[in-house]
Each structure stands twice: as structure tokens, then as C-alpha cells.
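Undergrad: Based on these hints, arrange chain B on the given structure of chain A.
For the record, the sequence lines run as chains A and B. Under the working numbering, the first residue of the first sequence is numbered 438, with each subsequent residue one higher. Under the working numbering, the first residue of the second sequence is numbered 438, with each subsequent residue one higher.
It does not matter which identical chain is meant; a pair holds if it fits inside one copy or across any two.
Think about it this way: if two alpha-carbon atoms lie no more than 27 Å apart in a straight line, the pair counts; the simulated BS3-like pairs of lysine-lysine are:
| no. | residue 1 | residue 2 |
| --- | --- | --- |
| 1 | Lys472 | Lys493 |
| 2 | Lys472 | Lys522 |
| 3 | Lys522 | Lys493 |
| 4 | Lys447 | Lys493 |
| 5 | Lys472 | Lys447 |
Since the hints were derived computationally from the structure, they do not count as laboratory data.
Listed here are the chains, written in short residue letters.
2 protein chains.
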Amino acid sequence: MTDVVGLSDKFALFDEQWSPKIIAQVNGNDVRLAKLEGEFVWHSHADSDEMFLVVKGAFVIRLRDRQLALGEGEIAVIPRGVEHKPEAATEAQVLVVVQSEVVNTGDTGGERTAEAEWI
Amino acid sequence: MTDVVGLSDKFALFDEQWSPKIIAQVNGNDVRLAKLEGEFVWHSHADSDEMFLVVKGAFVIRLRDRQLALGEGEIAVIPRGVEHKPEAATEAQVLVVVQSEVVNTGDTGGERTAEAEWI
Chain A
438 MTDVVGLSDK
448 FALFDEQWSP
458 KIIAQVNGND
468 VRLAKLEGEF
478 VWHSHADSDE
488 MFLVVKGAFV
498 IRLRDRQLAL
508 GEGEIAVIPR
518 GVEHKPEAAT
528 EAQVLVVVQS
538 EVVNTGDTGG
548 ERTAEAEWI
Chain B
438 MTDVVGLSDK
448 FALFDEQWSP
458 KIIAQVNGND
468 VRLAKLEGEF
478 VWHSHADSDE
488 MFLVVKGAFV
498 IRLRDRQLAL
508 GEGEIAVIPR
518 GVEHKPEAAT
528 EAQVLVVVQS
538 EVVNTGDTGG
548 ERTAEAEWI
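The shape of chain A in the complex, shown without the other chains (with noise of 0.2 Å):
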């Protein structure tokens, strides 16, 4: 089914943090959004390459030579295999577009692994 979603009103059916919510599919891949806040796990995807775009908010993508500071209205990629660290100081609203299969805590996994659902 083709049909228009809106991104505001996606965001506004959940409240859970790092619990990303699928909204659409597009070449194998998820798009999903998700809202973040604190710090999350050091992971990498190693299948998966993982865009990122700045709905509301802000936050930072650590990496482990340097770091990526995201406003709204900007994107960044990280590759496949690249290991990464989302943080926010306040809650940002985040659209991701990642490999289907792939969870949140990619290769690390443990207690903040959330299996991507639709919305």
C-alpha cells in the first residue's frame, strides 16, 4: 500500500527512547524513526550502512576518532562496519534508514537491543 506518512504524527504515537518504529520500506532497507536521548552502546552494523536525519532536536554520533555533531535538517552516513555512538543532551527526534534486518545494538547486542516495529 502506497500512502502518505507524516513524520510529526509517527513521533507523536510513541514515547520510548532508543526503540526505533518502522514507518515505510524502501529497497530492503527500514525507514524508521526513533527518539534519543542520553547515551546508547558503542555497535557497528557490519552489514549495514545507517543514514541518520535530524527531524527535531540534536545529537552526536561518536565515532572512535572523532565526532559528528547532527542539528535538524542534516544527515550523516555512517558505513557498514564503522563503530559509532549516538549521545543526546536532549531528546532529538531522528529518522534512520537502515538494512531491514538489522537491530538497534547491531554486532554488541545485550539489554538495549529493541527489535524495530511498525507504526
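TA: Chain B only, in chain A's frame:
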């Protein structure tokens, strides 16, 4: 190279309409920016879904049996093989995710075909 890309900075770099510019790649897909105004041609992409996100303005995607009206912050995915025809009453700024080898006119071709280039 992993870096932060600002959508408004990139939109400011070109005026051409219906001529998508590549700003990133993710899992074999291009992330492209396009300025749309007026009517485009009916076309489809046999081997690629296509995601549209309206960054500024609004536009309509005509399908053979109905139409999708997208405003700012709204997305839609046109599945591979589905004929569609974008139209914009006034200029819209749109982010597109589509497989990297796809041209804007898909299987239709013709004079409005524009190879996407990096910006």
C-alpha cells in the same frame, strides 16, 4: 568519508528543477535532493522503489488510480514498477532515496532524463 551534510546548504547550491543531486549513499541507494515545479512525465522504475520526503513546500504524486498529496515532513514510497507522475504547483524541495543506478525518468527516458550528479 563520513561527514555531516546540511539539506538547506545543499539546496542552496543549485537552481535546476527536475535534476536530482546526490548528497549521500546508503546500502546501494542514493540520497538525492531535487527541486520540483510544474509537471513531470509518467514513468516507473522496474528495479527500484523510490522514497520521497518533502523538505519544503508541497507536491503531488499522480498514480494511475489516485494521487498522493505530500506536504512538508511527509513521505511516500512508490514501489518498483508502479507508474507515477510528480507535479508541483509551486517549487517543492524534496529528498529522494532510490537505487543508485536509477535515472529520474525511469523506463520512460526522453528529453527530461537527467543523470544524478554529486553536489
